[in-house]
Amino acid sequence: MDLISNLALGFSVASSFANLAFCLIGVLLGTLIGVLPGIGATATIAMLLPITFQLEPVSSLIMLAGIYYGAQYGGSTTAILINMPGESSSAVTAIDGYQMARKGRAGTALAVAALGSFFAGTVSTFLVAIFAPPLTEVALKFGAAEYFSLMVMGLVMSVALAHGSVVKALAMVVLGLLLGLVGTDIYTGAPRFTMGITQYADGLNFVAVAVGVFGIAEILRNLEDEHDREVMTKNITRLFPTRQELKQMIGPVLRGTGVGSVLGILPGGGAILASFASYTVEKKLSAHPEEFGQGALAGVAGPESANNAGAQTSFIPLLTLGIPANPVMALMIGAMIIQGIVPGPNVVSEQPRLFWGIIASMWIGNLMLVVLNLPLIGLWVRLLTVPYYVLFPIIMAMCSIGVYSVASNTYDLFAVAFFGLLGYVMSKLRCEPAPLLLGFVLGPLLEENLRRAMILSRGDPTTFLTRPISATLLLLSLGVLILVFMPQIRKRRDEVFTESDA
Amino acid sequence: MAYPRLIGALCATTMLVAPAFAQDWPQRQITMVVPFSAGGPTDTVARMVAERMSADLGQQIIIENIGGAGGTLGAGNVAKADADGYTVLLHHIGMATSATLYRNLAYDTLDAFEYVGLVTEVPMVVVSRKDFEPKDFKEFISYVKDNADNLTLANAGIGSASHLCGMMLMSALDVQLVTVPYKGTGPAMTDLLGGQTDLMCDQTTNTTQQIKGGTIKAYAVTTPERLELFADLPTAMESGLDGFDVSIWHGIYTPKGTPAEVNERLSKALQAALADEGVIKAMADLGTAPSPAGDATPEALKTKLETEIARWKPVIEAAGVYAD
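Sequence order for the protein chains is A and B. Just so you know, the first sequence maps onto residues 1 to 502 in our numbering. Just so you know, the second sequence maps onto residues 1 to 324 in our numbering.
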């Protein structure tokens with residue numbers, strides 16, 4: 001079979017001593033920068049780019065890919081330990097992961113995240129290997145109308161993210177949408193809500209907003225009540241999940257992998273949706289939805305698997321079309337070009353060693369990550385015992401460096417401060433930051449694709465219903481909406497009944 | 001203690017260096033600002049050239065990506081930087097078009113910089129989705145004119161190379177197509193590959209591999225001469241579209257007041273880099289070529305910038321689209 005000989009070729013390339021070493025360096029570096037709050041894969045890869053020129057093309061790409069998924073991995077560590085997601089995908093992990101940590105189950109959360117990610121990484125790597133070309137065809141069928149409907153579905157799902165009031169969650173989504181509008185309108189060139197500051201012409205920086213509303217706000221809350229944090233470290237009973245907990249994670253991990261693999265293929269922001277979508281699915285299927293937001297195991301296992309699966313399958317458009325799905329992929333294209341390999345539809349056939357070598361290295365890299373990270377869990381958890389007056393200034397400094405390094409823009413630091421304050425106020429008002437972040441990420445995509453679909457259809461709104469994929473997605477959103485509101489309505493009716501009984 | 005002596009020695013060195021500044025330049029690493037994000041086509045050009053220039057200058061050139069607002073943020077930073085030769089800017093055609101596209105620039109394009117030289121002029125290709133009907137560019141012209149109302153023209157956002165070339169195409173054909181802006185070349189190309197849009201005009205750096213792979217169709221090149229890479233593609237000009245000459249030229253600038261000797265030295269390093277086999281090959285892979293040594297000079301870049309500002313001003317004003 002072709003596939004087997006291809007994979008064999010891939011593994012022979014990836015398991016050469018040098019390539020194994022570069023893969024290890026990549027995942028190590030990735031884990032490290034992922035763990036440092038605020039410093040993302042984009043900045044690191046940009047800094048390392050010149051070094052890779054001296055390497056073999058395969059080695060350099062294996063290393064860069066390692067940094068990318070290593071950072072995804074490390075990013076969940078900070079999300080769980082200090083409520084500081086560095087990437088949009090780990091924002092969801094922060095919701096329940098951090099609550100688990102607060103209850104002394106940080107070790108369990110980290111182990112579940114690591115094992116879930118490994119499983120998802122393994123499965124999706126094989127998906128990439130087997131289905132890359134046909135999946136690309138599917139991705140190309142997604143035009144503006146389809147993306148719009150997909151975003152609608154994502155926003156509807158976001159309501160399920162809230163574990164308190166639905167109205168407040170909606171308010172946060174809308175606030176997020178508005179914040180997402182800051183910047184230059186791509187259709188008219190008009191600057192919107194930039195207050196005349198050119199530095200905001202390209203919009204607010206995601207990392208700045210996320211670090212602010214999650215991380216800085218959390219620091220402010222912790223400083224307010226030092227006692228709260230002590231509980232976190234004193235209650236640690238065990239580092240690894242029990243057999244029963246392992247059994248509990250099987251379902252969420254499988255579903256998360258499926259959701260993530262499918263959404264990761266779509267180049268226009270599909271991967272962003274993966275962890276959000278998985279969280280919604282788990283909450284809906286759970287026998288104890290009330291646990292979500294209070295430290296539900298499935299709320300970590302599902303989204304973590306989904307985001308890792310999405311991270312792997314988002315290589316498909318890069319490798320088969322030469323089109324980057326996100327800024328990290330754009331950097332990898334830059335690296336390939338400088339190496340004299342111009343990414344495009346022919347890479348698979350012209351550079352089989354490169355293509356299959358990278359795919360095989362992804363699997364090896366995921367294995368390394370899990371071997372590397374399981375023993376590290378003890379160390380990370382011990383990090384929580386560092387006195388907070390030492391820990392929080394370090395976190396603040398790392399955040400600021402990380403945010404600044406994304407675009408060398410001082411205004412991003414002002415944004416961190418502002419959103420930190422906003423996040424603190426929000427927590428006082430019992431509003432959740434996750435729906436805000438989702439609105440912030442999806443809002444611009446929703447608007448962009450809505451307007452593009454309308455331009456392409458010459459102003460005919462039925463385009464969303466006449467295109468089959470788009471119509472299906474809209475129907476699904478309607479279904480989700482009903483599922484979300486049904487229990488609410490039923491509960492209210494029950495409440496009314498109990499009251500009248502009394 | 002050795003420190004006082006060391007400090008004394010350092011002071012002495014500084015005093016010695018000051019008057020003879022330009023001769024002793026460069027003493028430390030040089031920052032090359034690229035006003036776009038890392039990994040993009042301009043960044044790639046900068047990194048190719050910077051590596052070779054470093055070798056010639058004997059000092060490392062590091063790339064700093066200051067993206068945003070169509071390259072005007074990075075250019076603005078360099079305009080304000082110390083004119084000591086340790087900050088340089090690599091910018092493309094946007095340097096000239098932003099002078100008109102942005103009505104409130106923080107700097108005066110023609111007055112804020114000194115010039116080092118032209119780096120490369122990347123040709124552009126008129127491309128379409130792969131099942132677009134016309135067989136050649138002659139048919140293309142008449143087909144587009146007849147079906148203007150039903151065709152869509154994609155671009156990578158206001159001020160982008162594809163936007164500029166698209167404006168030029170419409171003005172040369174005297175048609176108004178429905179333009180569909182995207183956030184960057186990637187998504188615009190994806191939709192063209194998927195047949196969601198009909199036409200685009202973009203740099204060879206972005207289109208070459210797709211054309212070779214047969215996933216999109218190429219009709220004409222936008223330079224006065226045919227390309228070695230696509231010898232059978234006609235130029236737009238030879239097909240009767242007068243004045244349709246668009247290329248994405250890249251130049252290196254320094255802040256106003258940088259000593260002429262320093263610019264000359266940078267220019268020499270640039271010429272050396274552009275003559276390097278590796279650079280020539282890397283550029284050829286992307287469908288472009290280094291600028292000839294005669295163009296990699298301060299005078300040539302100054303002339304280019306002035307003529308291009310004048311040439312694009314009416315085109316942009318006629319389209320009535322501004323980026324602010």
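Keep in mind that the hints were calculated from the coordinates and are not lab data. Heads up, some of the hints might be wrong.
[Claimed, not checked] Below, computed lysine-lysine pairings styled on DSBU-like, alpha-carbon distance capped at 30 Å:
{"hint": "1", "chain 1": "B", "residue 1": "K135", "chain 2": "B", "residue 2": "K268"}
{"hint": "2", "chain 1": "A", "residue 1": "K284", "chain 2": "A", "residue 2": "K103"}
{"hint": "3", "chain 1": "B", "residue 1": "K217", "chain 2": "A", "residue 2": "K141"}
{"hint": "4", "chain 1": "B", "residue 1": "K281", "chain 2": "B", "residue 2": "K212"}
{"hint": "5", "chain 1": "B", "residue 1": "K212", "chain 2": "B", "residue 2": "K256"}
{"hint": "6", "chain 1": "B", "residue 1": "K256", "chain 2": "B", "residue 2": "K80"}
{"hint": "7", "chain 1": "A", "residue 1": "K141", "chain 2": "A", "residue 2": "K428"}
{"hint": "8", "chain 1": "A", "residue 1": "K141", "chain 2": "A", "residue 2": "K247"}
{"hint": "9", "chain 1": "A", "residue 1": "K141", "chain 2": "B", "residue 2": "K183"}
{"hint": "10", "chain 1": "A", "residue 1": "K141", "chain 2": "B", "residue 2": "K145"}
{"hint": "11", "chain 1": "B", "residue 1": "K256", "chain 2": "A", "residue 2": "K141"}
{"hint": "12", "chain 1": "B", "residue 1": "K145", "chain 2": "B", "residue 2": "K130"}
{"hint": "13", "chain 1": "B", "residue 1": "K130", "chain 2": "A", "residue 2": "K141"}
{"hint": "14", "chain 1": "B", "residue 1": "K138", "chain 2": "B", "residue 2": "K212"}
{"hint": "15", "chain 1": "B", "residue 1": "K80", "chain 2": "B", "residue 2": "K268"}
{"hint": "16", "chain 1": "B", "residue 1": "K281", "chain 2": "B", "residue 2": "K130"}
{"hint": "17", "chain 1": "B", "residue 1": "K212", "chain 2": "B", "residue 2": "K135"}
{"hint": "18", "chain 1": "B", "residue 1": "K135", "chain 2": "A", "residue 2": "K141"}
Keep in mind that this is a model prediction, so the values were computed, not measured.
Hint-by-hint comparison with the structure:
| no. | hint | in the structure |
| --- | --- | --- |
| 1 | B:K135 / B:K268 | violated (46 Å) |
| 2 | A:K284 / A:K103 | holds (23 Å) |
| 3 | B:K217 / A:K141 | holds (19 Å) |
| 4 | B:K281 / B:K212 | holds (18 Å) |
| 5 | B:K212 / B:K256 | violated (43 Å) |
| 6 | B:K256 / B:K80 | holds (9 Å) |
| 7 | A:K141 / A:K428 | violated (45 Å) |
| 8 | A:K141 / A:K247 | violated (38 Å) |
| 9 | A:K141 / B:K183 | holds (19 Å) |
| 10 | A:K141 / B:K145 | holds (28 Å) |
| 11 | B:K256 / A:K141 | violated (50 Å) |
| 12 | B:K145 / B:K130 | holds (19 Å) |
| 13 | B:K130 / A:K141 | holds (14 Å) |
| 14 | B:K138 / B:K212 | holds (21 Å) |
| 15 | B:K80 / B:K268 | holds (25 Å) |
| 16 | B:K281 / B:K130 | holds (28 Å) |
| 17 | B:K212 / B:K135 | holds (17 Å) |
| 18 | B:K135 / A:K141 | holds (25 Å) |
Figure legend: structure checked against the earlier numbered hints; hints not met, in rising order: 1, 5, 7, 8, 11.
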